[in-house]
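Engineer: Listed here are the chains, written in short residue letters.
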Amino acid sequence: MAEALLQVDNLSKRYGALVAVDNVSMQVGEGEVRAVIGPNGAGKTTLFHLITGVVPPSTGSVRFAGSDITRLPSHAICQRGLSRTFQLTSLFPQMSARENAMLAAQARHPKRWMPFGGASVFAQARATGEAALAQLGLSRIADRPAGLLSHGDQRLLEVAMAMAQEPKVLLLDEPTQGLSVEETAEAVETLAQFLAKARLTVLLVEHDMEVVFRLAHRITVLHRGAVIADGPPAIVKANARVQEAYLGGME
Amino acid sequence: MPKTNPLPALAGVAVLGLLMAAPFGLPVFAMTLLTELLILGLFAMSLDLMVGYTNLVSFGHTAAYGLGAYASGYMLLNSSLPLPFVVLLAALLTGVVAIGVGWVCTLATGVSFSMLTLAFAQLLYAIAFKWTSVTGGSDGLAGIPRRAGPFGLTIFTSKMGFYYFALACLLGAFFICRALVRSPFGTVLHGIRQNEAKTLVLGYNTRLYKIAVVAIAYALGGLAGALYAPFAGFANTELLFWLLSGQVLIMVIVGGQGTLIGPILGAGFFMLLEHQLSSYTEAWALFFGLIFIAFVLFAPEGIWGLARRLFARRGLPAETRHG
Amino acid sequence: MGVAQDPANVGRMSTLALLLTQGVNALSQAALLFFLGVGLTLIFGIMRIVNFAHGTLYMLGAFIGYSLVRYAGSYWLALLLAPLAVGAIGTAFELGILRRLYRRDAHAFLMVTFGLALVTGEAVRLIWGSDALQVPSPALLSGVVFLMDEPFPVYRLFLIGFGVIVAIAMWQLLERTRLGLLIRATSQNAEMVHALGVDVKLVRSGVFGIGCGLAALGGVLAAPLVTAAHGMAATAVIDAFVIVIIGGMGSFLGSLIGALLVAFVQVFGNYYLPDFALAFMYLVMLLVLVVRPGGLLGKEA
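First to last, the sequence lines map onto chains A, B and C.
If you use the numbering used here, the first sequence corresponds to residues 1 to 251, in order.
If you use the numbering used here, the second sequence corresponds to residues 252 to 574, in order.
If you use the numbering used here, the third sequence corresponds to residues 575 to 875, in order.
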């Protein structure tokens with residue numbers, strides 16, 4: 001069987017006696033939008049940390065586009081084409097939204113480290129950054145300092161920054177976290193539209209089921225660090241174990 | 252990108268003109284003070300690169316100063332190399348050593364980083380005392396000559412010539428730093444300063460950038476020290492004492508971190524206190540410390556930062572970005 | 575440093591005697607370092623800040639001790655009053671200045687305590703001059719005691735004893751008394767303690783003062799051994815930091831372990847490789863920072 005674009009095999013993370021991620025295996029194909037769901041503490045964010053090199057795994061491996069990325073440092077993994085957002089918004093508060101996106105875009109430029117001049121680097125970063133902002137409807141606030149944006153815009157800016165890196169795989173950790181109902185609806189629509197157009201491979205952690213069903217092609221369900229279900233939304237929805245894990249079934 | 256506004260540039264040219272013309276108008280003792288200001292200003296500005304632009308607070312920057320001073324002093328005493336060459340070589344040596352220092356210190360972050368820089372400066376201080384054959388021990392190196400330049404040019408042996416050389420070094424360093432902070436490299440430093448974790452996640456190997464900044468900052472600090480040795484005629488362990496590390500940090504904070512010009516003003520402020528207040532009271536250094544605390548509490552952006560904010564409020568457009 | 579370190583004597587001493595002598599040196603050094611480290615770790619535990627002025631306050635303690643011995647004639651008085659005086663200064667500093675910074679970032683604290691270090695250092699220089707000052711140990715504790723034909727300075731044995739007593743007393747205070755409970759609770763969850771109606775600000779001011787007083791106590795105790803000098807401050811703050819890093823920021827037991835470790839490395843390192851002692855210290859600090867950023871028993875990574 002041909003290897004998937006993102007191949008996770010028997011990935012585990014133990015903190016002493018606590019098993020945060022328990023023998024997780026997943027295959028994410030190119031162009032797929034995969035949602036990872038589960039109750040609080042199921043290990044979803046830890047799984048992201050393991051895949052993106054923020055935390056080293058206890059056992060198991062992660063392979064991307066055929067090569068092993070398990071032990072690579074996080075910045076190296078990002079350079080390979082995996083960009084992610086975080087649950088807790090993390091931006092450059094004193095820089096404008098545009099500058100945030102530009103810094104993200106600059107990271108993929110081969111001459112990002114140039115100690116003088118850099119007009120061409122900046123020009124390219126600007127073009128890519130502004131395009132990413134536009135894709136997420138943030139052009140109107142491009143000049144505003146990121147620290148002063150609304151929470152919803154900040155969440156979208158995080159996604160824009162990940163997009164500005166023109167990644168092969170996008171990992172979104174609860175993009176609608178902390179958003180109001182209207183903001184969530186808007187954000188989901190925006191995301192849905194550009195995901196359809198971009199044909200990106202996406203790994204999505206979400207709590208909000210509406211969002212999951214609107215965006216995901218496939219769902220992986222985690223419970224206490226282990227995979228308890230994996231399949232298309234309709235099938236997962238009907239899975240008894242999943243319903244049990246969520247205490248009383250899903251809507 | 253900073254908005255183009257002619258005022259800062261015009262002011263800069265005016266100041267430069269004054270500095271260039273200074274030797275023709277000022278009495279000798281003022282020239283000595285001015286030269287000292289250039290050297291101290293360079294020292295402080297080099298630290299700003301670490302503190303103000305990358306949030307790497309060093310408590311041991313005098314290690315660079317001392318290293319540069321001893322290197323240039325030793326070379327001037329024990330070889331016949333021309334002065335400008337010695338000064339630049341000493342700066343380069345300091346920068347090379349600093350790569351190692353940076354590599355070690357950046358293994359830690361935050362307070363631990365600061366402590367490691369202090370520890371390294373202390374180590375150098377101890378070595379300076381013990382390695383008597385090279386450093387002259389507690390007596391230090393004395394009688395450091397201002398050697399002639401290449402091709403027998405004696406211009407550097409005169410006060411005026413040396414002043415212009417120091418001015419050239421400061422200007423050169425200033426333009427290097429300015430270009431650096433406006434470049435893609437500099438943008439990454441801004442990112443590290445505001446949110447290092449995010450910068451790392453975006454794919455930048457932040458540790459390498461930090462090591463590079465430490466190396467450059469130490470090299471420029473070493474340049475200042477290398478100028479000091481022939482200026483004062485001596486190099487001793489006082490140049491490596493932790494008090495000086497503290498004072499230069501204060502110059503950066505009080506003058507205005509993250510502005511390059513601010514620290515030079517801070518150095519000037521320090522010298523003003525040192526030379527003016529010292530005639531009234533021995534406690535001038537104490538006042539300097541108290542003023543520092545006041546600035547940290549009430550005006551953390553420093554003198555230059557305050558000035559820029561005032562200009563912005565009055566409607567005169569200030570630059571939108573650092574430097 | 576005494577008979578024990580005279581190279582001419584080395585051949586004459588048995589290994590056991592050597593170990594005993596150096597062991598006593600190390601333990602007495604550990605006692606001094608303990609006072610330094612425990613104060614810093616207490617302050618960090620409660621306030622999450624590194625008190626950069628710690629080394630300077632240690633030095634201040636030594637100099638105040640000198641004056642009290644010289645002018646009041648009593649070492650014991652110095653032992654009591656110097657820590658109280660410095661503790662009071664520390665509390666005043668916290669009340670007047672540190673309080674304003676609780677909403678700011680960690681760097682502001684570092685800078686301000688650094689400013690305190692500078693101001694205090696300069697004040698010491700102004701009041702006592704730039705020279706090192708000899709502080710005589712009290713008559714009761716001078717002289718030597720002979721064990722296995724080797725002389726042991728009484729003062730060092732006193733340091734060890736005193737250190738043990740204070741360590742036990744502090745341990746009991748932290749574990750068994752209400753004050754100790756309050757301190758431990760505040761260091762773990764200040765908000766909860768505040769919600770329970772305790773004035774957390776008062777606890778902070780108090781602990782900061784105690785921490786500073788402990789540093790000064792270390793200084794007074796150290797003075798007869800090392801003389802009161804200006805280089806003390808920088809070495810002391812680094813030592814204190816290394817101890818706290820090794821033992822873990824905020825851990826009482828950790829500061830004890832750290833003090834012992836550092837003291838033994840320093841003393842034995844100084845004996846066998848005197849020129850490399852400082853570099854060795856630097857290396858140990860580095861190793862710990864790299865391997866376990868949180869220290870062996872620490873709270874913060």
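To be clear, the hints were calculated from the coordinates, so they are not data collected in a lab.
Just so it is clear, the structure is predicted and the values come from calculations on it, not from any experiment.
Incorrect hints may have been included.
[What the hints assert, rightly or not] Derived DEER-like restraints, expressed as beta-carbon distance ranges:
(1) C:Leu-770 / B:Ala-550: 45 to 53 Å
(2) B:Phe-426 / C:Asp-679: 27 to 35 Å
(3) A:Val-19 / C:Ala-662: 49 to 57 Å
(4) A:Ala-127 / C:Ala-666: 20 to 28 Å
(5) A:Arg-71 / B:Ala-393: 49 to 57 Å
(6) A:Ser-67 / C:Val-738: 55 to 63 Å
(7) C:Ala-666 / A:Ala-131: 51 to 59 Å
(8) B:Phe-380 / C:Gly-647: 57 to 65 Å
Backbone N, C-alpha and C fix where the C-beta goes; we use that ideal spot for every residue, glycine too.
Engineer: Which of the stated hints cannot be reconciled with the structure, identified by number in ascending sequence?
Structural biologist: When the structure is compared with the hints, numbers 1, 4 and 8 turn out to be violated.
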